[in-house]
Amino acid sequence: MPTAPIIAIDKVSRIYGNANATTVALKDVSLTIEKGELISLVGPSGCGKSTLLRLIADLDTPSQGKITVNGHAPEQARKQREYGFVFQAPTLYDWRTVERNARLPLEVMGRPAGEWQARLDKMLAMVGLRDFHQHYPWQLSGGMQQRASIARALSFDPAILLMDEPFGALDEFTRERMNMELLDIWETTHKTILFVTHSIAEAVFLSSRIVVMTPRPGRIAATVNVDLPYPRNFDTREDPRFFELVTQVRETLKEEFVGHV
Amino acid sequence: MAESVTSAGELDTTGHSPRRWLWLLLGYLVAFGLIAVVWEGSKALFAIPDYKLPHLAQIAEAFFRPTPKGPTWLILIQDALYTAFEAFVGFTIGSVSGFLIAALFQRYVHVRRGFMPYVIASQTVPIIAVAPMIVVGTGSLGAPPWLSKSIIAAYLTFFPVVINVLRGLESVDRDALLLMRSYAATDNQIFRLLRLPASVPYLFTALKIAATASIIGAIIGELPVGSTRGIGVQIVVGSQYNTFNPGFLWATIIVAALLGMIAYGMVALAERRIVRWKRPES
Ligand SMILES: Nc1ncnc2c1ncn2[C@@H]1O[C@H](COP(=O)(O)OP(=O)(O)O)[C@@H](O)[C@H]1O
Ligand SMILES: [Mg+2]
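Keeping their order, the protein sequence lines are chains A and B. Under the working numbering, the first residue of the first sequence is numbered 72, with each subsequent residue one higher. Under the working numbering, the first residue of the second sequence is numbered 28, with each subsequent residue one higher.
Since the hints were made in silico from the structure, they are not lab data. A couple of the hints might just be wrong.
[Stated by the list, open to error] Examples of chain B residues lying across from chain A (beta carbon under 8 Å, computed):
| hint | residue |
| --- | --- |
| 1 | Asp202 |
| 2 | Leu205 |
| 3 | Arg208 |
| 4 | Ser209 |
| 5 | Tyr210 |
| 6 | Gln216 |
| 7 | Leu220 |
| 8 | Val252 |
[Unchecked claim] Pairwise CB distance ranges, derived in the manner of DEER restraints:
| hint | chain 1 | residue 1 | chain 2 | residue 2 | range |
| --- | --- | --- | --- | --- | --- |
| 9 | B | Arg300 | A | Ala75 | 52 to 58 Å |
| 10 | A | Thr260 | B | Trp50 | 50 to 56 Å |
| 11 | B | Asp214 | A | Phe305 | 32 to 38 Å |
Cβ atoms here follow ideal geometry from the backbone N, Cα and C, with glycine treated the same way.
Isolated chain A, as found in the complex (with noise of 0.2 Å):
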């Protein structure tokens, strides 16, 4: 049975500037989400990423289109609470420790420190900062800093979690555990996830579809389906499948380049 899609993006375009200077961000992307994809968006710098990834969190807004999440509009959705960013810098409190971040949203949003302190815990247990709690951000890692923001996103338990390159400042060992990571996050809370990232390799190793865009304007080029099985493992990076999808993502944006020149 069918179930209405849980992010529904039609014909939404995206354009900044004044009369003079005009940048099309994003021109006349459609997308349909279901509940508990892994989704990236993965394309070269510019091609409208972000912006997408703000208007669904209405951070910002369209110029043309509409957007839909979890069956009503994206400002709604925001005061509803349904959705945790997660942005490319961690993006802590200085003044707060790892804990007191992470407990940011749930001290905006009033919910009684008794009930959520346990899944608080949980989250930063998740992320492995278990023995961390009391640590202020210069304190941790990049990397830690970044897991100590992903808890803070999950923390008030939203259905959906924006993630905007949230590995992009990290090594590439580093990355590769957090993708473990936050595959192990996906599977134990079926969350849905609007993941972007400019690595290809990276997208293909996370999700179950990958939207491909382009810029100038920014559009979606093509969409590929990841048949790899979950879970998915190290071994996964050396699966043939593994190679041809990041090929066949690989293709689709030489064609796009090659196609403009």
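Given chain A's structure and the hints, the job is docking chain B with the ligands onto it.
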């Protein structure tokens, strides 16, 4: 986990070892020795008369000279305490009002545009010219004599607080704000949970400037005729009788300088106790 973690405890210990204190003390002594050599050396070399530059011994002697009300150093400390009281009242009024003005300016851009020029203009007016008016004005209204000094201290205090706190409240980055927006936080929550804590280090920078400025303000308020108490009064006395007692003026200057340093040090101490989330400087 392979990631390295520095615990706060490890880094903290080096700051307070007795050896460090000894080095610090040695540094102060060496600096004082150098100043003394340059002081006495130039006095001898250029034959500077005592009323222009007394011997260090004359200054020390001035501190211990007896007066009808007790030894000079005791009198000077009593006056300094009075000035400190005036300055503290002014500092408090100035920082609280400066903070409120900054918060108002941050929240309402139009208010800022309208009033900022006046805030800046207030500091370009020569305070020496305004001080007697304030002293005479409040005096004629029957206010206690210390109040006019406190007002001048507040006048010099509020400006650095407005400027720095405003910068601090605006110092939050775009993502930190978007994060709040993603939680559908109210403006008040954004202020309390993000802007206010982000401004704290800036506030302390301002308060350190304000602490010394408030002392200077109180002293300036004590200079006009009619004032009877405070280290500023002693400075006036010292300059009037400089030829007869060349060490005394410098003694009052030293006490005034110490007062400013203590005020600064107290704010710096409070800062270290309150701003604990920062990476320690090595
Ligand atoms: N606030 C903005 N104002 C003007 N132009 C913007 C703004 N945000 C993004 N853009 C432009 O829109 C395009 C897409 O940007 P972005 O969504 O950040 O791309 P990506 O995240 O894929 O790198 C770029 O050309 C960028 O310069
Ligand atoms: Mg981006």
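Against the structure, the hints:
1. Asp202: Holds - the Cβ of Asp202 of chain B comes within 8 Å of chain A, reaching about 5 Å at its closest.
2. Leu205: At 5 Å from the nearest chain A Cβ, Leu205 of chain B passes the 8 Å test, so the hint holds.
3. Arg208: 6 Å, holds
4. Ser209: 5 Å, holds
5. Tyr210: 4 Å, holds
6. Gln216: Holds: closest Cβ of chain A sits about 6 Å from Gln216 of chain B, inside 8 Å.
7. Leu220: 7 Å, holds
8. Val252: 49 Å, violated
9. B:Arg300 to A:Ala75: 52 to 58 Å: 55 Å, holds
10. A:Thr260 to B:Trp50: 50 to 56 Å: At 55 Å between Cβs, range holds.
11. B:Asp214 to A:Phe305: 32 to 38 Å: 48 Å, violated
Hint violations for this structure: numbers 8 and 11, all remaining hints satisfied.
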